[in-house]
Structures are given as structure tokens and as C-alpha cells.
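As a plain string of letters, each chain reads:
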Amino acid sequence: MSNVVIAPMLVALVTAILTLVTRARPRLQRTVSLFGGGGYVVAVGVLTWRVFSGPVLTYQLSGWTAPYGITLVADQLAAFMLAMSAVVTIAALAFSTDYIEAFGQQIVYHPLFHLMVVGVTGAFLTGDIFNLFVWFEVMLMPSYVLVVFYSGPDHTRAALQYTVLNLIGSAVMLLAIGGIYATTGTLNMADLAVRLSNPEAFGITVGPVVGLAALLFAVFALKAGIVPFHFWVPSAYEAAPAPVSAMLAGVTKKVGVYAIIRLLFTVFGAAQLDLGPFGDGSMLLFFGPILLVMAIASAFLGGFGAVGQSNLDRLLAYSSIAQVGFIVLPLAIVATIPLTDGGTVAVLGGEFTVPTGAGTDGLRVLGIVAALLYALNHAVAKSLLFLVSGTINAAVGTIETDELGGLTRSRPYLSGAFLIGGLSLVGIPPLMGFFGKLTVFDTAATAMATNGTVGEIAAVTALGGAILTIAYVSKAWNDAFWGTESMAVVRATAQPLALLSIVVVLALVLVVLGIGLDPVYEGAHGAASAALDRGAYIDAVGPSYAEVQS
Amino acid sequence: MTENEPTVIARTVVRIVVPIILVTAITLLLQGHNAPGGGFIGGVLTAVAFALIYIIYGLDYFETEILGRTALPRALPGEPVEDETQQRPGVTKEFSEVLAIGLAIAAGGGIAAIALGYPFLSQAVAFVEGIPLFHEIEVASALVFDLGVYFVVVGGLLTIVAVVGAE
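As they're listed, the protein sequences go chains A and B.
Converting from the first sequence to the numbering used here requires adding 6 to each position, the first position being numbered 1.
Number 29 in the numbering used here belongs to position 30 of the second sequence; there are no gaps in the numbering.
Looking at chain A on its own, in the form it has when it is part of the complex (with noise of 0.2 Å):
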């Protein structure tokens, strides 16, 4: 039991509530939140320190013990995701300080900002699927009221689309909350992991399951942002102001793919069943054919939307579909294809056991590094971009790509931070986006050895993917940055400087990832292992089955 643990959300929390109390104070509520930020990323840095330098944290809310207390569990997975989070969040509120007018800042716009921040940091952290649920909310109510910022027509119709599709999404979420713990009793996800792999010790039925995680799965699926729950994404994006976006796509919808790694991969993976024609083993299987489908429509019809795209926003928001395609393209890939050599574990004591995660050839682990690693440059990159919409829409007035042009020529410095975020989506080395790519196809490479149907299809796939980001991101630079001046870039005279030392910051960090990927490549693969390693999490959590035997 360590403070460090919620350190993150409280320092977060204290800052929302410190912003509202300042909000008379426009300057003074600005250096709050700026150094709110920063507390955030020590606390985040700590954490993952402590995290990757010893074993999984764990932290019971009031001291009520587990399963009946709330939990939160720091262990690598959560501590590289809260990690990545901070990266984007403060790059975000600092580019905001100086984006957003004034008036608005002084409104509504820090607390909320937050309070997402909270929210995200909430979902990382938990250890029960019912708080899961809570921190969804608190990070989906402040997202609500950002994208409506500009409160224009336009915002207001994106936001109501969003806010309705994510209202219902929550619907179905709490329902199958509801139906978990009516058919499993528990609501924690280690003791959920326990009672799904020993069901007749604890006098459940299994089947069920299947169903409530499916409904489970489509509303991360939806939070994430993948085909055929995309469709609230491009107008939200676009609607947002370029902070925010960059936040829902650096940040947010790395919650979603979070939740899936952690719920499909950790907890529902360790029920065994037959599942007919899915095949007999994990409830894994179940759902990698239908995450290998999503992710393929993803890849495609994000990558030929975004293609088709004039607006700066637009197209970063279709690219960012695509780019989710290829997140969980090999999550779809490991968990297709069933574990060799997976024996059990036996945890709390030797009490139980468990089904391991992860087999003897090391392909699930390389799946989920994979995973990580393309979220990471997704993260870093897709957040780049934004702020670079948003700093030439700052400068310029429009993010239209027909009424810009010759960016290069006045303005090298932004035109290189763009050209930096769009090969680095592409995968050139050495940029982060290199090596995510590359991982990807050695996932699917090393798949083809024992399923080469599937592993065909993911390689096809990801080249297919690959050349249409090419397509899309030399579009969006032959037209705005290339060419001859436009009238409207001739004109412009403003120089946003705070804006674009931030750009060309987060730029420089793309670089550096992918020249030290070394300790990055590390960390992810701790993550990935922590993913697999049922025993640690459970004995971490440490649920206590006292009244269950009596």
C-alpha cells in the first residue's frame, strides 16, 4: 500500500479543483494549471519508476480489502499507458495556455481539461470492472463540453452525435457490468480472472460470459474509435479545439485500446471454454477472428477517408481510424491463434490456479509490444499533427488544404514539425514510427510459421495500410506545405511562438524515442509481459475468499 499509487489522480484532481477556485484570477489560474501538468508528470514518472524498478502496486481505496474495496493497481502496463498519457497531456494544456482566447480559458476550459486528465488516469489505474465503468464517465463528461467548445452549429451537431453514441455506449457497459456480476459474483478483475479459470470451485457458469464481454468489447471498441464504431470520430475531431483533439486522439482513445488488452488479454482470456466453431481454449479466441476483421476495415476504410480529406482536422481524423486498425491489428493477430505450451499458474498461495497468458514461443508478448509501441507513436505523433493544425490555423486563419500552400517557404520550422509526425505515421526510420511498423510485421511474420492464413492476411493488411498512409500524409504535405504561397499564407503575418516551440518540442520527442528506443522497447515489453502474467496481478491484488469457504 503506497501513495504513490493514486498520487497521479489526486495531484490531478487537486489541480481541477484549485483551477476552479482560481477561475477570477485568469493568470494565476494559468500557473496552476501549468504547474498542475507538471505535478501530474512527476507523479506519473514516479510511479513508473517504482513500477518498473519492483513489483505490481496495488492500493485499496478507505483500506476495504479486496475484492469488496475499490482497487487501484499500478503494475507495467498501466504505469507505460500513464506514461504515455503524460507525455501528450502536457505538451496539450501547454499548447492550450496560449490557443485558447482568453475568456474561454477562464471559464470552463482548465477544470475540465482536469478532470479528463483524472478520468484517463482513473481508468489506467483500476483494478474492478465497475470503476472501469465510473472513470469512463468522468473522462467522457469533460470531453463532452470540449468538443462543443466553439459552440458554433457545426460543434453543437458533432458534439450531440458524440455525447449520444458514448451516453448509449455507457448504457451497454453498465448492463454488462450488471450481467458479469450477476453471473460471476464479482465486479475486481483479478478475482473475476479466478473465478473464470476455477468455475466450479466458485459454482458459476462461464458461457454467459462470452456474451457480457462481446457487449463489453464493442463499447471499448466504440471509445476506441474502431470500424464499425468510428463513425462518431472525424466530426468530434474536427469540431474539438486542436488541444482537445490531440488529447481524444493521443490520449482517450488509448483508454479504449487499454481496456481491451486488459479485460480480453488479463481477465476474460483466463476462461476456458469450448467455443464451438471459435475453437476449444481461451474465450481469447472468440474474440481475435472478430478484432482481426475490425482491425482490417479500420486500416482500409480509415486510410481511403482520410485520403479523400481537405481539411487538415479531417484527415487526421480519418488517419487516426486507420491507425487504430493497425494498434490492434496484432492484438487480433496473437489472440487468433491459441496459446502453445500454456500450462497453468497457481496463485493466492497456491489455492487456485490459473491459466498462463503467455506461452513458451513468445508470440503473445511480441503481439502486445507491438500494440504498445504503435499506440506510443500514434500517441506522440497524431497529437504532433494536431497542434501543428492547430498552430497553423493559429497563424493562418484556415486549416483547409486548397486555400494553403507554401508552408516550406515562410513558415521551415512548423512545415518541418509536420513533416517529422507525418513520417513518423508512415515509418521511417529512425522515428518512433518505425519501429512500431516493424513490429507489427514481425508479429505478423512470425504468426505465418503457425497460422499462415492469418498471418498472410495481417501482413497484406498492414502493407495495404502502410502505402495508404503514404498516400494520405504526402497529400496533406503536397498541398499545405508544398507549392506555391496561397493568398491566405502570404498574408498572414501572426507568429505563434509559444505554439511552435511546443510543436517542435513533441517533435524532437518522436526522434528521440526512435533513436533510444532501447529502454522504450524495454518498457513496453515489461507491459506486454505484465499483461500476460496473470499470477503476479492476481497475487498483487490479493483478493481474500474468506467468506466464500465459510
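Hints listed in this document are in silico derivations from the structure and should not be mistaken for laboratory results.
Mixed in with the good hints there might be a few duds.
Claimed, not checked - Quick partial rundown of chain B residues pointing at chain A, CB under 7 Å, derived from the structure:
1) A99
2) I113
3) L115
4) F119
5) L120
6) S121
Claimed, not checked - Short derived list, chain B residues pointing at chain A, Cβ under 8 Å:
7) Y117
8) P118
9) Q122
All C-beta atoms, glycine included, are put in the ideal place defined by N, C-alpha and C.
Place chain B on chain A using the hints.
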């Protein structure tokens, strides 16, 4: 009496009902930690009491008669203003402060537990005995959290009522 003014019946009923609602709200707040009730429902009831005053006596009554201030003339909806706050009743500012204070109380109550060496949001209870009439009073630290929730709900709902009501 113009057509828009409420009847004598309505005004009299409100005068009698509002104190009863407020007392009920506070009762619910105080017993909420281990009986039906709590900060949320107490806050909603309190907001309902204020909403009744708003509906029957108008938006400015609360400021002019109860707080003893002068209500500044508000801008009409759609009328160009320098600052959107000119369209709202002046008391909106206090309402949103109540919200912020409530949040601070709720979070502060949780953090106080950490400062004392317990996990976040830990609660305790003490029984004070030998009190005339009551004999025994239960003092629960959960009340602090409930009080925070109460203020958040009251502040939030009244801000909405005041801002939307002015439009």
C-alpha cells in the same frame, strides 16, 4: 396584479413549503452516511427549494430581498454583450463558488485521511454520549464527504437554474 404574477395561493404555499423542504434536506444530509439520504439527495432537495422561489418570485427576488443587494439589469438574450456574465443573475458567481468549495471539501476530506496515515477516503466514526434529549450522537467523518457532495449538487444545480432561467 398583472397576468404574469403568480397567485396569492402559490406565494403563500411557497412561504410555508420552502422551510419544510430545507429542514428535510438537512435531515437527509445528516443521516445519509448510514441511512437513506445523503449529500446528493439533500442537495437536490435544497436546489428544489431555491427553484420554487425562483419560479414563484422571479429571478431577482433572491438577490434583492434575501441577500439585500441591488440586482443589476441583465442583458437580453441575443443582445450583444462584452461579457457573457452580463446575461446572468449576479448570484451565479456565488453558486459556482459553492460548487468549487464543495469539491474542495470532498477531496480534502479524502486527502486528510492520507495526511493521517490512512488510505485515501478512509472514514471513521465516534459516538458522543450523555447528551440531553439525544442521549447519543454519532459523529461520522463520512459527513464531511457528504457535505462536499451537498455543496457540489446545490452549487451545480442552482448555477444551471439561474443561467438557463435567465435565458
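Right, here's what the structure says about each hint:
1. A99: Check passed: Cβ of B/A99 comes within 4 Å of chain A, closer than 7 Å.
2. I113: At 6 Å from the nearest chain A Cβ, B/I113 passes the 7 Å test, so the hint holds.
3. L115: 12 Å, violated
4. F119: 5 Å, holds
5. L120: 5 Å, holds
6. S121: 5 Å, holds
7. Y117: Nearest chain A Cβ about 6 Å off; hint holds.
8. P118: The hint holds - B/P118 has a Cβ within 8 Å of chain A, the shortest such distance being about 5 Å.
9. Q122: 6 Å, holds
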